[in-house]
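Could you build the full structure based on these sequences and the hints that come with them?
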Amino acid sequence: MTAAAASQGAARGRPAGHHWTPRRIAARTGFYVLIAIFVIVSLFPFYWIVITSLKSQADLNQGTTSLLPGHIDWGSYSFDLTQTSATGLNFGRSLLNSVIVALSTTAVTVVVSVLAGYGLARTRMRFKGATLGFILLASFFPIIAMAGPLFLAFRNLGLLNNYLALIISYLVYTVPIATWFLANFFTQLPRQLEEAATVDGATRLQAIRRVILPVAVPGIFTVTILSFIFAWNDFLFALSFMETPDKYTAPYAIVAIGHTQYQTFYNRIDAAVVMITLPVALLVIFAQRRIISGLTAGALK
Amino acid sequence: MLARDRRFGYALVAAAVIVLLVITAYPLFYNAWNSLRHDVVTSGIPATWAGLSNYKEIFTDNLFVPSLVRTIGFTVVSVAVETVIGLGLAVALNRAFPGRGLVRAAVFIPWAVPTVVSAQLWKNMFDPQNGFVNYILTELHLPLAHTTWLGQTWTAWGAILVADAWRNTPFIAIVLLAGLQVIPGDIYEAARIDGASAWQAFRRLTLPLLKPALMVAMIFRTLQSFLIFDVVYNMTAGGPGTSTSVLSYLNYQAFFVNFDYGYGGAISIALVVVALLIAAVYTRVFRVEQVL
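Respectively, the protein sequence lines represent chains A and B. Numbers 1 to 301, taken from the numbering used here, label the letters of the first sequence in order. Numbers 302 to 593, taken from the numbering used here, label the letters of the second sequence in order.
Hints in this document: simulated from the structure, not taken from any laboratory. One thing to keep in mind: the hints can contain errors.
To be verified - Covered stretches of chain B, as calculated for chain A (at least 3 residues, CB under 8 Å):
(1) 302-316
(2) 525-535
(3) 552-561
To be verified - Here are a few chain B residues that face chain A, going by a calculated C-beta distance under 10 Å:
(4) V320
(5) L321
(6) V323
(7) V385
(8) I386
(9) A393
(10) P415
(11) L478
(12) V517
(13) G540
Unchecked claim - Pairwise CB distance ranges, derived in the manner of DEER restraints:
(14) P509(B) to Q263(A): 52 to 60 Å
(15) W500(B) to L164(A): 25 to 33 Å
(16) P541(B) to R155(A): 29 to 37 Å
(17) P485(B) to T244(A): 53 to 61 Å
(18) V41(A) to G352(B): 24 to 32 Å
(19) P541(B) to V33(A): 33 to 41 Å
(20) A86(A) to S354(B): 38 to 46 Å
(21) H259(A) to H447(B): 19 to 27 Å
(22) P485(B) to W74(A): 52 to 60 Å
Cβ coordinates follow ideal geometry from the N, Cα and C atoms, glycine included.
Structure, rendered in structure tokens:
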């Protein structure tokens with residue numbers, strides 16, 4: 001389904017001019033209470049990690065005494081970002097690793113999926129159904145069943161502890177949904193676009209680049225955001241392929257940060273959790289409609 | 302002309318197909334091959350032919366079958382709970398009210414965070430000393446205020462379920478909301494004129510029309526729940542004992558702790574078979590050809 005259809009359907013409201021009987025007031029109040037509960041359950045855990053991340057170790061040792069943050073201490077953030085552990089773990093470095101890997105994965109995904117999506121939507125190639133079916137099937141493949149064999153393959157290729165191992169593996173998260181979404185997107189563009197370009201003597205690849213890409217920007221944008229989120233959120237491949245702490249991605253680093261042999265530093269862990277969550281939370285807030293249309297594209301035909 | 306067009310099509314899809322083949326088909330065949338051999342890669346002992354003994358082992362040792370039972374139980378419970386709550390959330394968000402866009406963003410954010418974050422966040426919430434749960438139970442003088450949630454089998458499962466449901470219920474709600482929004486409003490008008498109650502309209506109209514979206518959401522969630530790993534690894538590490546050890550976790554231990562690629566390969570093949578079954582149900586519900 002398309003974003004246009006979604007916003008059209010959203011317009012259905014309650015007709016104005018009803019009488020406010022006690023029953024209706026109770027129903028309305030109940031409805032808002034329900035909405036409030038959903039919002040609180042969704043957001044309260046974030047509040048909790050934010051206030052925990054702002055506590056000093058001395059405060060934490062006293063246990064929880066209040067729902068309010070109390071004395072605010074930014075020490076955990078500066079600790080995470082500046083200190084490098086004896087094993088070589090520095091969370092700023094982990095964030096950088098995540099950014100590099102997620103952006104690279106996204107770039108490769110966009111190129112591969114634009115080509116494949118266009119091929120599926122606009123050529124008369126055979127086996128379209130089989131190709132789409134296979135791409136869908138790949139997205140159902142159990143990640144853990146890939147991790148073991150790929151670990152050995154990357155070891156043989158000398159790619160363990162290398163960004164490339166992650167970027168290649170992450171394509172299984174991103175390419176299927178991106179190709180499906182873009183194939184669907186391209187079928188909805190008018191055919192006259194490329195026909196006009198090819199009449200002008202452009203080759204088909206040139207026509208794709210000059211005519212199709214500019215009008216496909218919204219679709220490509222959606223795919224970019226989704227791919228970034230999926231690559232950013234991986235844990236299992238990073239756990240399997242990255243061996244030294246200076247190469248950990250941010251989600252993997254959370255597991256190792258804030259622990260010593262004797263103590264767990266929840267404030268340091270939660271400061272890291274907050275820093276990982278911020279980019280994806282911002283993406284949701286600013287690009288909610290695109291993400292939703294990408295996730296539900298085609299799913300409801 | 303047609304032949305050229307076709308060749309152009311194959312060239313365009315080649316990169317996507319080859320990449321996906323390499324990263325899925327290679328592990329599939331490698332696992333299938335390994336599962337027929339005794340191969341502990343760090344032992345230095347050359348691999349030997351094992352026939353079906355790895356498969357015999359997974360069905361007779363006391364690790365795989367209990368883990369399978371736990372995984373199925375978790376899948377059924379988590380998908381059921383998340384579907385019911387997600388349906389309620391979708392119906393609520395389908396009504397027009399002031400601030401709906403903000404509310405939708407707020408309840409959707411948990412879906413976008415890494416699963417590791419949801420695990421860590423709820424581990425913190427359930428922490429006996431610095432957590433919220435025991436604090437509020439103590440303040441309200443409720444029982445269980447001194448529970449070590451992750452230290453006992455059933456409370457640990459409860460905590461895992463909460464972390465999983467908190468992150469994934471929004472996904473179900475979003476898919477169902479998209480399904481609700483394509484149902485034309487006038488059929489409800491007609492039902493109201495015919496004297497149907499809101500509940501009757503929901504049962505007789507909404508649910509049947511929502512069935513395709515419900516199936517899509519439930520099938521995706523069934524697959525993900527069945528393969529749950531990140532939350533278990535980060536919250537309980539399969540413990541206490543092996544009481545929360547699910548199949549993906551068992552498979553991870555086989556590969557990366559014991560380096561037993563024969564046994565691990567057999568578990569992987571079992572997981573692939575289940576994933577294929579789920580995918581088969583999906584393609585029956587949702588026809589691939591309809592996309593183009």
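Verification of the hints:
no.	hint	in the structure
1	302-316	holds (count 10)
2	525-535	holds (count 5)
3	552-561	holds (count 5)
4	V320	holds (5 Å)
5	L321	holds (4 Å)
6	V323	holds (8 Å)
7	V385	violated (13 Å)
8	I386	holds (9 Å)
9	A393	holds (6 Å)
10	P415	holds (4 Å)
11	L478	holds (8 Å)
12	V517	holds (5 Å)
13	G540	violated (15 Å)
14	P509(B) to Q263(A): 52 to 60 Å	holds (56 Å)
15	W500(B) to L164(A): 25 to 33 Å	violated (56 Å)
16	P541(B) to R155(A): 29 to 37 Å	holds (33 Å)
17	P485(B) to T244(A): 53 to 61 Å	holds (58 Å)
18	V41(A) to G352(B): 24 to 32 Å	violated (52 Å)
19	P541(B) to V33(A): 33 to 41 Å	holds (37 Å)
20	A86(A) to S354(B): 38 to 46 Å	holds (44 Å)
21	H259(A) to H447(B): 19 to 27 Å	holds (24 Å)
22	P485(B) to W74(A): 52 to 60 Å	holds (53 Å)
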